[in-house]
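Trainee: Listed below, chain by chain, are the residues.
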Amino acid sequence: MTLTLTLRTAPTVPLEADVLSPDRLSGVSALEAAKLTVVHGNQRADLGEFFQVGGAADGELHLTGDLAQVKQIGTGMARGRIVVHGSVGMHLGAGMTGGEIVVEGDAGDWVGPEMSGGRIVVKGNAGHMLGSARRGSQIGVRGGEIVVFGNAGNEVGNGMRRGLIAIGGDAGDFAGVNMLAGTIVVLGRLAWRAGAGMRRGSIISMHPAELLPTFSYACDYAPEFLRVCLRHVRGLGLTIADSHVNGRYQRWCGDGIELNRGEVLILDSAGTASRS
Amino acid sequence: MLVRGVLIEDTFAEAFTMRVARLVITGGTPRWAREAGLKLTGFATSVIGCKCEAGIERELSETETPDGRPGVSVLFLTMDKESLPQQLISRIGQTVLTCPTTACFDGLPDGPDRLPVGKALRVFGDGFQGSKVIGGKRYWRVPVMEGEFLVEETFGMQKGVGGGNFLILARDADAALAAAEAAVDAMANHPGVVLPFPGGVVRSGSKVGSKRYKKMVATTNDAFCPTLRALTESQLPEGVNSVLEIVLDGTDAPAIAAAMRLGIDAACRPGVQAITAGNYGGKLGPHHFHLRRIMGGESQAA
Amino acid sequence: MGSPLRIVNGRVYDPANGVNGAVQDVCVRDGKIVADVPPDAKRIDAAGMVVMPGGIDIHCHIAGPKVNLARKVQPETHQDDVQLRTRLTRSGTGGTVPSTFATGYRYATLGYTTAMEAAVTPLGARHTLEEFHDTPVLDKGFFVLVGNNLLLYRLLQEGRREELRHALAWWLKVTKAYAPKLVNPGGDEMWKGQRNANITSLDDKIGSFDLTPRRVIAAFIEAGNELGLPHPVHIHCNNLGHSGNVETTLETMRLAEGRRAHIAHIQFHSYGAAAGKSQSNPTSRARDIIEYINTHPNISADVGAVMFGPATIMTGDAPLAYMLRRFGGNKWVNADTENESGCGIVPFRYQDRVYTNALQWAIGLELLLLSEDPWRMVFSTDHPNGGSFMSYPRLIRLLMDRGYRKEQMAHVNQKALDRSALRDCQEREYSLSEIAIITRAGPARLLGLTDKGHLGVGADADVTIYEEDEDKEKMFSAPRYVIKDGELIIEDHELRADHQGRLLHVAPDYDPQIEQVIEPFFEDFYTIRFANYPVDDRYVPNGQIIPTTPSVAAAPATAGTRT
Amino acid sequence: MGENLKVVRDATCTFCGCVCDDMHLTVDLDQKRIMKAENACILGKAWFREHGIEERPLALIGGRTATTEEAVEAAAQILAQARFPLIYGLSDTTCEAQRVAVAIADMIGGTVDTTTSVCHGPSGIAFEGVGESTASLGEIKNRADLVVFWGGNPAEAHPRLFSRYAVTPKGMFIPNGRKDRTVVLVDVRRTPSTPAADIFIQVKPRSDFEVLWALRALVKGRKVDPSIERRTGVSLAVLEDLVARMKSCRFGVFLFGMGLTMNRGRHFNSGALLALATDLNEFTHWVAKPVRGHGNVTGADNVVSWQTGFPFGVNFSRGYPRFNPGEFTSVDLLTRREADAALIIASDPADNFPKAAIEHLRRIPVITLDPKATPTTQLAQVAFTTATYGINVSGTVYRMDDVPITLRPAFESPYPSDEQVLTAIRDRVRALLGGNRLPAGAPVAAAS
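Chains as they are written, first to last, in my numbering: chain E, 101 to 376; chain C, 9 to 310; chain F, 711 to 1273; chain X, 422 to 869.
By construction, these hints were calculated from the structure, which means they are not laboratory data. Hints are supplied without guarantee of correctness; some may be wrong.
Said to hold, decoys possible - Below, a list of computed lysine-lysine pairs in the DSSO-like style, where the Cα atoms sit at most 30 Å apart: (1) Lys915(F) - Lys453(X); (2) Lys1116(F) - Lys752(F); (3) Lys127(C) - Lys222(C); (4) Lys145(C) - Lys223(E); (5) Lys668(X) - Lys915(F); (6) Lys915(F) - Lys600(X).
Unchecked claim - Residues on chain X that point at chain E, a partial pick, calculated with CB under 8 Å: (7) Gly473; (8) Gly531; (9) Arg685; (10) Phe704; (11) Arg829.
Stated by the list, open to error - Stretch-level coverage of chain E by chain C, calculated; a stretch enters the list once three of its residues show a Cβ under 8 Å from a Cβ in chain C: (12) 260–273; (13) 320–326.
Using N, Cα and C, we set each Cβ at its ideal position, and we do this for glycine too.
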């Protein structure tokens, strides 16, 4: 049986519910779950003050309601599954190492900060700092996958070291900034200054993008790995056209200020990329 | 027992535990995948002389490969754990890396041992190579003049079976060959099985050691050579003038048994007198394929 | 000040008073150790426990401009190491550079009650005092950076030694400092004025000045001794961290010529150079250093041990930090202070597999294990340069437990051990009394703090009570009780009260005429008015002046040419 | 002019981040006015001239006159009851007051944020990523032979940056002052500052990052495509010339303003400039310095940092400091309608915040401390009138280069200082809560 939580009373100030993780709820009854502690602003509260709890925890957690004020769902999650029928607040799946989170609505800023495994799927839009390093930290996502069907804000994958971020819509400025490795696929528009400071890693764009002056054009080709990658992304639910899989891409290397070992791949049919 | 008048002798094929890897080679067209597969598995008939045995398992359609391109699946076997990666590294390096349009993927993702093949091959990139993790698997992208060669970092290795076999005893060489061809055709594309010899067929069955030359590890199987019927302790029934052998290697015994059934059945045709198999008395190899049991009958053989 | 208190049944380690583990009472009243308290005084039963004076850190970096930069530049180290507020105490964050409140509380939870911030620019004195205000429990003082001061250089260059002494006294007094500090003398001028160059030997010319580090160091040692400061000139030698710097260090110590001098974090200055190709690899010359110190009672040092794990390089030695910047994970801070100093900050991590780091670790231990006079070779990690003060208990265990030490030695880079003498001093184990000396009595004596570092009548009632444990790291990690100024701050290992410690500073006399020399320099070269420079008493709500004993009277300065 | 005149020498002007401490003020003690401010720039003169004592009530509660004590009680009640209170402003008050404000935030489990989050917050974030090479203003005066202003208009916003610190003054190694320096100005438009420069580089709006990135590449000896001119309006030749100058000077400095930090790219713009300065240290001595606006915004950064480990945007709701710009910064949390009370100290967000944030301020109880009536004090539930720092109140301020200076007030004010009011509020809140509020939750263990 699944543990189901339905938002009954909207929090008046941000609610921090890091307890909402299948690991932490393993074997917990609905009654017990309702007594678990959440942080409502500067005070403790029972989960049951806000949520109608039903079922029992068996590794799967279903949340329903507009949870845009609820932060830190799935913090440190290692296994199991969370499905959110609604939107969620910041820090979804922070530091998660395994399992899966599916959000039917939107997610706030900081989805999957410094996660190292597992998968987060956001069917709506996501905020800024999707899959990013925390401030001051040089290393962001260390593994795992984040899929956003809609748009994402600025600094997607800041400091990313491994893993995959796939965005069905547009990405904001500085996607893949300071990337160390990993892959970011953007099916919509890539905004300004993608890949600034990247050392390694790949940013894939299906639309023309203005690149920094420190990125150098290499060639047009059909990267074999990209076929594998895009087919994988297709398997995660994003719409990948055959023309994307079979397409030819411009390879731009950068960032020249750093190792110059990263790349931005821009679908050729999208037209000529231009330097900014 | 008889299958369409062909005697299935009550004996068994004795096979060995080998180490097997499966490679999926894709190409821009089926042609180039096949070319790479053929070169890769060339000169890989028997561990006795080739250190490895390999063959194309089957051709793969676009829907069956990791990158959605046509490909071939190859099984690669060695006797011990150590030589499998060595063989793969040197052979893939010379025959797939070099072959236009191809990429090379692991076909045994659940293989308990992981062979660092792509990891070794990456250094051809001279530091310019890059890696990518997709769906939990790491790939290496090695820059080449054409573009990039993509190879998976590790390949699964598991225990396999080598040396499944049966012998077609026929009235004459034409009948033997026709039966062998029919058997090979029947077994083609059978999952988990490859036939490492030319066209799947071997005419030079061997015995262990030599009666005359100390250094030879294997010499002609004189007991089945028709020309030696008068000179040796021949095991050829009367009327048999030509023998061809089919050797099967595979990922597991059931796959070999299933393929043998198809192959033997197809080989039972006019001009074939009997089907038998090679063994060493059952003491050397752990896998025994009893011909009659395979064909659905009873066997008394040890 | 807390109510009167009698500590009974504890084994007392008070080496300054010759008490070595005797079970005797310690009585506390009005913030001081007293001979007796009324029978109804609160009692602490310290049976099975060890009673020591509160710990004294003679050299650490805990407050002021550079510390705050180092805090700000590492938010990622704070997030996962937090200090929760309680009903009484403030919250904070940790990492190798904790917030002020966390610094005070964490020192206290290790049994430390006094700490000396070892490098403050005079311009940053006010800032440092503001941070001290928010650093609870501890008594604190700071060493003020004078070794790259351009006005003092001008005076020295012109041979105006007396005025130099008066100016030094002025600087100590108006900044409310505890002692003068030299850091890589001449190095900052090379760094700021000569395109990021550095001093390489005591006889290098310092930029456009007709001076050498040798002259600067000798002059300051002389002036410091003449002023009769409770703690002599505190010297961070030239060439810190460089292979072969042992010669510079020995030469610096010789410059004292029998006068008092304290060499800071000497571990970082005890390196030889490997012969041949690997010349840039340091070797251990700890033996040469410790032999010199063993035989020269005028010299003292703190060890500056290195502990594996995270650290933060923060130093007035800007060229050094620049050299280390590639280890900083993309982060490097440099901060120049006009006419006074440089500063560099680099996040760092010591790794046991890395040759140089393992060698540094070994040298720190060697120096302590080969030391014959624990009163003059005292404990420090140059927090957070060699590791956080939170690693002190482990360092104590390394000294007290040779089995543990041997075990740890097995994990480190063995080539480094080959280049050190650590394997030759495997037998020695520090006694509790020796630990009490290097962490308490010794630092107090070197600092000239007569009321600290001991438990004699009249001493400050700063007392730490540890539960005895075979595992010395555990024992020294969490004292059962800590008493500061007679108040029970920690009871049953937990913070029970907040407390505002004192500022310890000096106020040496100087000839007021010296201001006539200093003020014009301010008008020309400072961007802060001379009148606004001295730190007033409002920044020292709880100060204590430690007296000086000058050997030379504050005679009028000889008239000199205006600089 | 009255009879009762006093001269205050070496007073400090807190109008901007220059914090010039050489003001000689002539004060009419009867009129409680500053008649003359010798050495002050035009902005400073206006600052000193305007700060007389207005007849305002000591406090207003719901718009009605109240005593300070009544207002303290009302403010303490609001703060003690709030679940997600915001304490904001702080850059125009003393460090002594700032310390108490952070203490209140800690005690109640609120959020403390300063105006840094809407000015040089991006530079703070950039600093956390790459560090910086910086210097006190006197080093610039004494040594800088190449001065590059980027994204600022000092002539109008920080006049004495030119005259006292960075352009015209003579220094120890700059004996001839202006003649010994090369001054470069980079901006998107010509301003009254432009004529002060030897070289003016006009960049297209929102292309600072590209220019800085290209400079970094050139400094590192990497290739930059001439198409840079199309994007940024600056030719490769101009960039190459600048790089040659930057590498060959003896002591170079960037002084950068909000023109850089508050345009698209924000902290990455600051970060690019800080990184460029760092890169240049490979060749010669280089420093960079954000030019700060408010008189003690640098003090606020310092106080919040030493008390919490983070410079601004710090939340205490779980019982320990957390830092996250965008989450705990004022505009963001007000726009998301999260705060349920606000204590605004010496700042006027109702005048300069985005509309959505101001609307939320109207919804929640707001407490203000300000010497003057402002749009924010007008929407406040509790408004204290306080004395002006630097004019009526002593205390510590930090110059933009982190140099702390003690203020010398000119005359007394009938109003209490921010510090006094905040201390009273803190003590009353403490009484109401029985000490600090106990932490609401342990650290999120797996957040790393």
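Trainee: Would you pick out the hints that fail for this structure and give their numbers low to high?
Mentor: Violated: hints 1, 2, 3, 7, 10 and 11.
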